[in-house]
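*Asks:* Following the hints, put chains A, P and W with the ligands in place on chain H, whose structure we already have.
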Amino acid sequence: MKDGITRDDFARMIAGAAASIRAQHAMLSQLDCAAGDGDHGTTMLRAVERLEKSFAPGSPEDLKACLREAGWNVLGVDGGASSSLLGTFFSGMADAPACGASIGASDLAAIFEAGLAAMRKQTKAEPGDKTMMDALVPAIQALRAAADAGKSVIEALRDAAGAARAGAEATRNLTARYGRAKLLGEKTRGHQDPGATSMSLMFEGFCSGFEESKGESGNA
Amino acid sequence: MKDGITRDDFARMIAGAAASIRAQHAMLSQLDCAAGDGDHGTTMLRAVERLEKSFAPGSPEDLKACLREAGWNVLGVDGGASSSLLGTFFSGMADAPACGASIGASDLAAIFEAGLAAMRKQTKAEPGDKTMMDALVPAIQALRAAADAGKSVIEALRDAAGAARAGAEATRNLTARYGRAKLLGEKTRGHQDPGATSMSLMFEGFCSGFEESKGESGNA
Amino acid sequence: MPMKKFINRPENIVPELLEGFALSHPKQIRLTGSNLVARATPKAKGKVGVVTLGGSGHEPGLSGFVGEGMLDISVAGEIFAAPGAPRCLEAIRLADYGAGVLFIVLNHAGDVLSANITMEMAKREGLNVKMALTHEDIAGGSNPEDRRGLVGFLPVYKVAGAAAEQGGSLDTCLEIAERMGRNMRTLAVAVQTATHPSTGQPIFELGDDEMEIGMGQHGEAGTGRMKLKTADETAEIVLEMLLKDLEVKPGEELLVIVNGAGATTLMELFILFRRVHQILKAKGIKLVRSQVGEFITTQEQAGFQLMIARMDAELIRLWDAPSNAPYFVVR
Amino acid sequence: MPMKKFINRPENIVPELLEGFALSHPKQIRLTGSNLVARATPKAKGKVGVVTLGGSGHEPGLSGFVGEGMLDISVAGEIFAAPGAPRCLEAIRLADYGAGVLFIVLNHAGDVLSANITMEMAKREGLNVKMALTHEDIAGGSNPEDRRGLVGFLPVYKVAGAAAEQGGSLDTCLEIAERMGRNMRTLAVAVQTATHPSTGQPIFELGDDEMEIGMGQHGEAGTGRMKLKTADETAEIVLEMLLKDLEVKPGEELLVIVNGAGATTLMELFILFRRVHQILKAKGIKLVRSQVGEFITTQEQAGFQLMIARMDAELIRLWDAPSNAPYFVVR
Ligand SMILES: Nc1ncnc2c1ncn2[C@@H]1O[C@H](COP(=O)(O)OP(=O)(O)O)[C@@H](O)[C@H]1O
Ligand SMILES: Nc1ncnc2c1ncn2[C@@H]1O[C@H](COP(=O)(O)OP(=O)(O)O)[C@@H](O)[C@H]1O
Ligand SMILES: [Mg+2]
Ligand SMILES: [Mg+2]
Ligand SMILES: [Mg+2]
Ligand SMILES: [Mg+2]
Numbered sequence: 001m002k003d004g005i006t007r008d009d010f011a012r013m014i015a016g017a018a019a020s021i022r023a024q025h026a027m028l029s030q031l032d033c034a035a036g037d038g039d040h041g042t043t044m045l046r047a048v049e050r051l052e053k054s055f056a057p058g059s060p061e062d063l064k065a066c067l068r069e070a071g072w073n074v075l076g077v078d079g080g081a082s083s084s085l086l087g088t089f090f091s092g093m094a095d096a097p098a099c100g101a102s103i104g105a106s107d108l109a110a111i112f113e114a115g116l117a118a119m120r121k122q123t124k125a126e127p128g129d130k131t132m133m134d135a136l137v138p139a140i141q142a143l144r145a146a147a148d149a150g151k152s153v154i155e156a157l158r159d160a161a162g163a164a165r166a167g168a169e170a171t172r173n174l175t176a177r178y179g180r181a182k183l184l185g186e187k188t189r190g191h192q193d194p195g196a197t198s199m200s201l202m203f204e205g206f207c208s209g210f211e212e213s214k215g216e217s218g219n220a
Numbered sequence: 001m002k003d004g005i006t007r008d009d010f011a012r013m014i015a016g017a018a019a020s021i022r023a024q025h026a027m028l029s030q031l032d033c034a035a036g037d038g039d040h041g042t043t044m045l046r047a048v049e050r051l052e053k054s055f056a057p058g059s060p061e062d063l064k065a066c067l068r069e070a071g072w073n074v075l076g077v078d079g080g081a082s083s084s085l086l087g088t089f090f091s092g093m094a095d096a097p098a099c100g101a102s103i104g105a106s107d108l109a110a111i112f113e114a115g116l117a118a119m120r121k122q123t124k125a126e127p128g129d130k131t132m133m134d135a136l137v138p139a140i141q142a143l144r145a146a147a148d149a150g151k152s153v154i155e156a157l158r159d160a161a162g163a164a165r166a167g168a169e170a171t172r173n174l175t176a177r178y179g180r181a182k183l184l185g186e187k188t189r190g191h192q193d194p195g196a197t198s199m200s201l202m203f204e205g206f207c208s209g210f211e212e213s214k215g216e217s218g219n220a
Numbered sequence: 001m002p003m004k005k006f007i008n009r010p011e012n013i014v015p016e017l018l019e020g021f022a023l024s025h026p027k028q029i030r031l032t033g034s035n036l037v038a039r040a041t042p043k044a045k046g047k048v049g050v051v052t053l054g055g056s057g058h059e060p061g062l063s064g065f066v067g068e069g070m071l072d073i074s075v076a077g078e079i080f081a082a083p084g085a086p087r088c089l090e091a092i093r094l095a096d097y098g099a100g101v102l103f104i105v106l107n108h109a110g111d112v113l114s115a116n117i118t119m120e121m122a123k124r125e126g127l128n129v130k131m132a133l134t135h136e137d138i139a140g141g142s143n144p145e146d147r148r149g150l151v152g153f154l155p156v157y158k159v160a161g162a163a164a165e166q167g168g169s170l171d172t173c174l175e176i177a178e179r180m181g182r183n184m185r186t187l188a189v190a191v192q193t194a195t196h197p198s199t200g201q202p203i204f205e206l207g208d209d210e211m212e213i214g215m216g217q218h219g220e221a222g223t224g225r226m227k228l229k230t231a232d233e234t235a236e237i238v239l240e241m242l243l244k245d246l247e248v249k250p251g252e253e254l255l256v257i258v259n260g261a262g263a264t265t266l267m268e269l270f271i272l273f274r275r276v277h278q279i280l281k282a283k284g285i286k287l288v289r290s291q292v293g294e295f296i297t298t299q300e301q302a303g304f305q306l307m308i309a310r311m312d313a314e315l316i317r318l319w320d321a322p323s324n325a326p327y328f329v330v331r
Numbered sequence: 001m002p003m004k005k006f007i008n009r010p011e012n013i014v015p016e017l018l019e020g021f022a023l024s025h026p027k028q029i030r031l032t033g034s035n036l037v038a039r040a041t042p043k044a045k046g047k048v049g050v051v052t053l054g055g056s057g058h059e060p061g062l063s064g065f066v067g068e069g070m071l072d073i074s075v076a077g078e079i080f081a082a083p084g085a086p087r088c089l090e091a092i093r094l095a096d097y098g099a100g101v102l103f104i105v106l107n108h109a110g111d112v113l114s115a116n117i118t119m120e121m122a123k124r125e126g127l128n129v130k131m132a133l134t135h136e137d138i139a140g141g142s143n144p145e146d147r148r149g150l151v152g153f154l155p156v157y158k159v160a161g162a163a164a165e166q167g168g169s170l171d172t173c174l175e176i177a178e179r180m181g182r183n184m185r186t187l188a189v190a191v192q193t194a195t196h197p198s199t200g201q202p203i204f205e206l207g208d209d210e211m212e213i214g215m216g217q218h219g220e221a222g223t224g225r226m227k228l229k230t231a232d233e234t235a236e237i238v239l240e241m242l243l244k245d246l247e248v249k250p251g252e253e254l255l256v257i258v259n260g261a262g263a264t265t266l267m268e269l270f271i272l273f274r275r276v277h278q279i280l281k282a283k284g285i286k287l288v289r290s291q292v293g294e295f296i297t298t299q300e301q302a303g304f305q306l307m308i309a310r311m312d313a314e315l316i317r318l319w320d321a322p323s324n325a326p327y328f329v330v331r
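Protein chains in written order, with this note's numbering: chain H, 1 to 220; chain A, 1 to 220; chain P, 1 to 331; chain W, 1 to 331.
None of these hints come from the bench; they were simulated from the model. Just so you know, not all the hints are guaranteed correct.
To be verified - Calculated cross-link-like contacts (lysine-lysine; reagent style BS3-like; alpha-carbon spacing at most 25 Å):
#1 P:Lys281 x P:Lys249
#2 A:Lys64 x A:Lys151
#3 W:Lys244 x W:Lys283
#4 A:Lys121 x W:Lys229
#5 W:Lys123 x A:Lys64
#6 W:Lys244 x P:Lys286
#7 P:Lys286 x P:Lys227
#8 W:Lys281 x P:Lys27
#9 A:Lys187 x W:Lys227
#10 P:Lys43 x P:Lys27
#11 H:Lys121 x P:Lys123
#12 P:Lys281 x W:Lys283
#13 P:Lys244 x P:Lys229
#14 W:Lys27 x A:Lys121
#15 P:Lys249 x P:Lys227
#16 H:Lys64 x H:Lys214
#17 P:Lys283 x W:Lys27
#18 W:Lys244 x W:Lys281
#19 W:Lys286 x W:Lys227
#20 W:Lys130 x A:Lys124
#21 W:Lys286 x P:Lys27
#22 W:Lys283 x W:Lys229
#23 H:Lys124 x P:Lys229
#24 H:Lys124 x P:Lys227
#25 W:Lys249 x W:Lys283
#26 W:Lys123 x A:Lys124
#27 P:Lys286 x H:Lys64
#28 W:Lys227 x W:Lys249
#29 W:Lys130 x W:Lys45
#30 P:Lys27 x W:Lys45
Everything numeric in this text was worked out from a predicted model, so none of it was measured.
Just chain H, same shape as in the assembly (with noise of 0.2 Å):
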């Protein structure tokens, strides 16, 4: 099934969001001066190191193995809320029962969405609340309504990088709710939530990786 992902596309989906990260990440600390430590696109550039490393040649064969590895590793990148966060996306992945050897878009909606369940259990924060969730919980309601709708895998992902990156875009005009930036309320209004950004950045770097996977154009 030439739509299908296997272990090895989720792989190149890691690889083109590390990519997106790295690209970026001097900007991400940037946007984290605003209201917070400055410090984001460190713990972000380390975070997807290490999620390359658990997809490495060596790694598992098996996506769920990765993704716990993956989870475990990312947990302990010691960076704050966004590596614990992250982390427990991974972990959470793990526990998705499609995670098999090769999926497809629904597959990949539910294992995000065990990722999310995981969060939930971690952080009370919902989109609105300006934090990585006013990316992420869009993304995957826009991947699930993808793959409902019987799009394809990359049309799924590039639905989901859309709703991400709106999502990201929408929270300069929030107001913090959580992690550190909460105590400033107010006056975080006008800077777009750093962890929501890095979330629109991964999406994008699904998109691309695993374009490159199927080589595929991307006008698909």
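*Replies:* Relative to chain H, chains A, P and W with the ligands alone:
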């Protein structure tokens, strides 16, 4: 004897010195910033305040006793090198045999010489070393020379003040060999020494205080 | 302008500082496992272990308080960033001497997240661990969840650590930690920002004639900007807010801590403490114990934290108990 | 720009800071006479008293080290200025418990002047007092008179204080102080100036990318300006100069102190110490004792002092002896 000095004349000389230091204390601290710690003006302010108190109404009638008190009080300023030396100077003056009720130019020179002798037990600095000695030593030498030449007290004091000023100004081209400034060595060139400057100011004050005391005009 | 800090490569700051710390106190502490700061001589079997976690860059906090009578293990994260759950879990395993582990967590978003994940993992492993959260920063408002954990960690480590050392059960240690926590309040003041040691960036901006009351440890801007005030005025404002929030009544006994943020001198802390002492005396409140110094810093930030805590006889006894922690020796 | 220090009126800084210091350590110290910092409980009759003098603004130095096992009285002067002889004399009278007084003086122009005048007065009064001068700053060059007393006061107070506490005679205490003094060397590095707390003026100027090796405690400019270096490079330069000057040979035993100037963080001091430890190890020199922290500061100046001292068995024993000095507790 019109030209003699009494305890009260001495008190007015001190008052003149105090006025002169008060007018310039900020400049003295500024000078001390170049190669010291910027506190010389403050210390001198406290010192002259205590000198004045030691001669204030209610203090001993006896010049010797006043000088001894003045020395002890200036030693108690807790102001570092300059207050210790200035205190020693006044303590030492009290030991001069000439320190009687009414004294002439020669007695005055002897009093200052006794003060200087006491200081020399505490510091090896001599003119040329870029310290207060550069003003004090020539001033007292000029005082002695004037007295030996039969000049009046006010004339002798004016000679002393002139010598002190010249000595202080000459410190600009010297290299510090004592005090905090010593560690700076060659770098101290180009800055006038704060301690020498305040000695010069004090001698100017002695003159104006004594003039006021005797109701004399500047052109005696 | 280059950062004027004595560091080597920014990414090596934490391992290098931990190495230096351990080498400078070989009798009290050592590094073990994944760079965990542990007591040089482990506690006797059957006693409760006490573990904490937190970001680095706040030295001597938190690892400076590992030692007999205080912490068993401190898990140090990256600069200003919580360590992840894996190392915390490792620490809890190591600090379990058979009577369970008390896990003391300062209320900061990243630390709490990491601690919660750790607790879940620990429970899945069947470890006997209980968590005590400190949140005494009244700048957070009336909701306890919004109150961060500031220098109040110090009395909590101290009394819970002493209780553990004396053989108290896990429930006893938790009760002591929570009682200390309920009875303390802190407020922070900043006058000058620090630079982030990894990025060289100033952490926040403050006008030349401004100060801010309600400052966080990481310099996240707080809420109360005002013109600079004298030491006495500042102490009065901060102390009044704390006394009101803790509802202190005349005759009650307080522990007071004045913690320097980094560049603020001990000289200034003494001047501030003096005014605190005067005010309490005037109000008939008893200042029974105090500490003035740098316990948790934020690089070369200037400012201070003032903490007050209502003490009872047992808390005082535990506060006075011996400790050989490198930066909190009690004879 | 107004000075960002928590003070009240500049002329009240010293009395207010001493008051706050005394109030914060009522069990260890008290103010007596003309604002002398003395032990709360005087030493037993028949033991040698240990007295020191020095300017304020360097907290916790010097008064932070008054306590059982260290100093009996510290005479604190104005900011950065030696106290005058009258108060020193008063301190020596008070610290004479019948076995004489050891007067420890750091080699700074003002302190020495004041101490010499004091010694003269004391002798005139028939007091039994001997003076030990510390001068270990190798930046002063080869003439011992030009070497200032820096953080080396700490081991001298400690070992002489312990000898006095243990009942050593005045000659014994002097010999211990001098032996410690002869065997120690310090070098200071500055990267950022402080402001004088009374005037608000910066004490010296340093380029944005410069550091200076051979810095004094008061910020009088030293001699070795150079471009900023990494922590490791800086530690290497400074340590090599010290080892050479003290002529340390492999196998010898050293005490090492890293003292922060004020704004330099403990984090950085640990990173520097780590490198010192590595170098000594590589050279086969034994690092037997160490201290890393702030013992004598210069307001919010950034930089550090590195001190090394050759130890023998007796010095180590005295260094390890108990102390309850507020900022140097030894169990
Ligand atoms: N409780 C939370 N729930 C969801 N996202 C959070 C939460 N706390 C923080 N974040 C996200 O983490 C981002 C900050 O990440 P980062 O700077 O790496 O961590 P830290 O705040 O610990 O320094 C924020 O921009 C926000 O998107
Ligand atoms: N050993 C000394 N002999 C003579 N004068 C000295 C000596 N040391 C310092 N001074 C004088 O003291 C002045 C500095 O005085 P001051 O700033 O008040 O004291 P400190 O240097 O202790 O801060 C110098 O400018 C110098 O004239
Ligand atoms: Mg951050
Ligand atoms: Mg001076
Ligand atoms: Mg500091
Ligand atoms: Mg400091």
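*Asks:* Does each hint fit the structure? Answer for all of them.
*Replies:* Right, here's what the structure says about each hint:
With a CA separation close to 12 Å, the supplied pair P:Lys281 and P:Lys249 stays within the 25 Å bound. For the suggested pair A:Lys64 and A:Lys151, the alpha carbons sit about 24 Å apart, so the restraint of at most 25 Å is met. About 13 Å separates the Cα atoms of W:Lys244 and W:Lys283, which keeps this hinted pair within 25 Å; it holds. Our distance criterion of 25 Å between C-alpha atoms is broken by A:Lys121 and W:Lys229, whose separation comes to about 45 Å.
Our distance criterion of 25 Å between C-alpha atoms is met by W:Lys123 and A:Lys64, whose separation comes to about 23 Å. Taking the CA atoms of W:Lys244 and P:Lys286, the gap is about 55 Å. The hint is violated against a cut of 25 Å. Straight-line distance between C-alpha atoms of P:Lys286 and P:Lys227 comes to about 31 Å, which puts the hinted pair past the 25 Å bound. Note on W:Lys281 and P:Lys27: the hinted pairing holds, with a Cα-Cα distance of about 18 Å set against a maximum of 25 Å.
For the suggested pair A:Lys187 and W:Lys227, the alpha carbons sit about 19 Å apart, so the restraint of at most 25 Å is met. Straight-line distance between C-alpha atoms of P:Lys43 and P:Lys27 comes to about 14 Å, which keeps the hinted pair within the 25 Å bound. A C-alpha spacing of about 15 Å is found between H:Lys121 and P:Lys123, which places the hinted pair at or below 25 Å, so the restraint holds. At roughly 57 Å between alpha-carbon atoms, P:Lys281 and W:Lys283 are farther apart than 25 Å, so this suggested pair is violated.
Of the supplied pair hints, the one linking P:Lys244 and P:Lys229 holds, its CA atoms being roughly 21 Å apart against a limit of 25 Å. Note on W:Lys27 and A:Lys121: the hinted pairing is violated, with a Cα-Cα distance of about 42 Å set against a maximum of 25 Å. The straight-line distance between the Cα atoms of P:Lys249 and P:Lys227 is roughly 30 Å, outside the 25 Å bound, and the hint therefore fails. The hinted pair formed by H:Lys64 and H:Lys214 meets the criterion: a straight-line CA distance of about 21 Å does not exceed 25 Å.
At roughly 23 Å between alpha-carbon atoms, P:Lys283 and W:Lys27 fall within 25 Å of each other, so this suggested pair holds. Proximity of W:Lys244 to W:Lys281 is assessed by CA-CA distance (about 16 Å); at most 25 Å being required, the pair is judged to hold. Between W:Lys286 and W:Lys227 the CA atoms are separated by roughly 31 Å; this puts the pair beyond 25 Å, and the hint is violated. For the suggested pair W:Lys130 and A:Lys124, the alpha carbons sit about 22 Å apart, so the restraint of at most 25 Å is met.
Using a Cα cut-off of 25 Å, the hinted pair W:Lys286 and P:Lys27 holds, with the two alpha carbons roughly 15 Å apart. A threshold of 25 Å between alpha carbons decides the hint, and for W:Lys283 with W:Lys229 the separation of about 23 Å falls inside it, so the pair holds. For the given pair, H:Lys124 sits about 40 Å from P:Lys229 by alpha-carbon distance, which is inconsistent with the 25 Å threshold. Proposed proximity of H:Lys124 and P:Lys227 is contradicted: the alpha carbons are some 37 Å apart, above 25 Å.
Proposed proximity of W:Lys249 and W:Lys283 is supported: the alpha carbons are some 9 Å apart, at most 25 Å. Among the hinted pairs, W:Lys123 with A:Lys124 is consistent with the structure: their alpha-carbon atoms are about 21 Å apart, no more than 25 Å. Annotation: proposed proximity of P:Lys286 to H:Lys64 is violated, straight-line Cα distance about 61 Å (limit 25 Å). With a C-alpha separation of about 30 Å, the suggested pair W:Lys227 and W:Lys249 falls outside the 25 Å cut-off, and the hint is violated.
A C-alpha spacing of about 18 Å is found between W:Lys130 and W:Lys45, which places the hinted pair at or below 25 Å, so the restraint holds. Among the hinted pairs, P:Lys27 with W:Lys45 is inconsistent with the structure: their alpha-carbon atoms are about 35 Å apart, more than 25 Å.
Hint compliance for this structure: hints 4, 6, 7, 12, 14, 15, 19, 23, 24, 27, 28, 30 are not met, and every other hint is.
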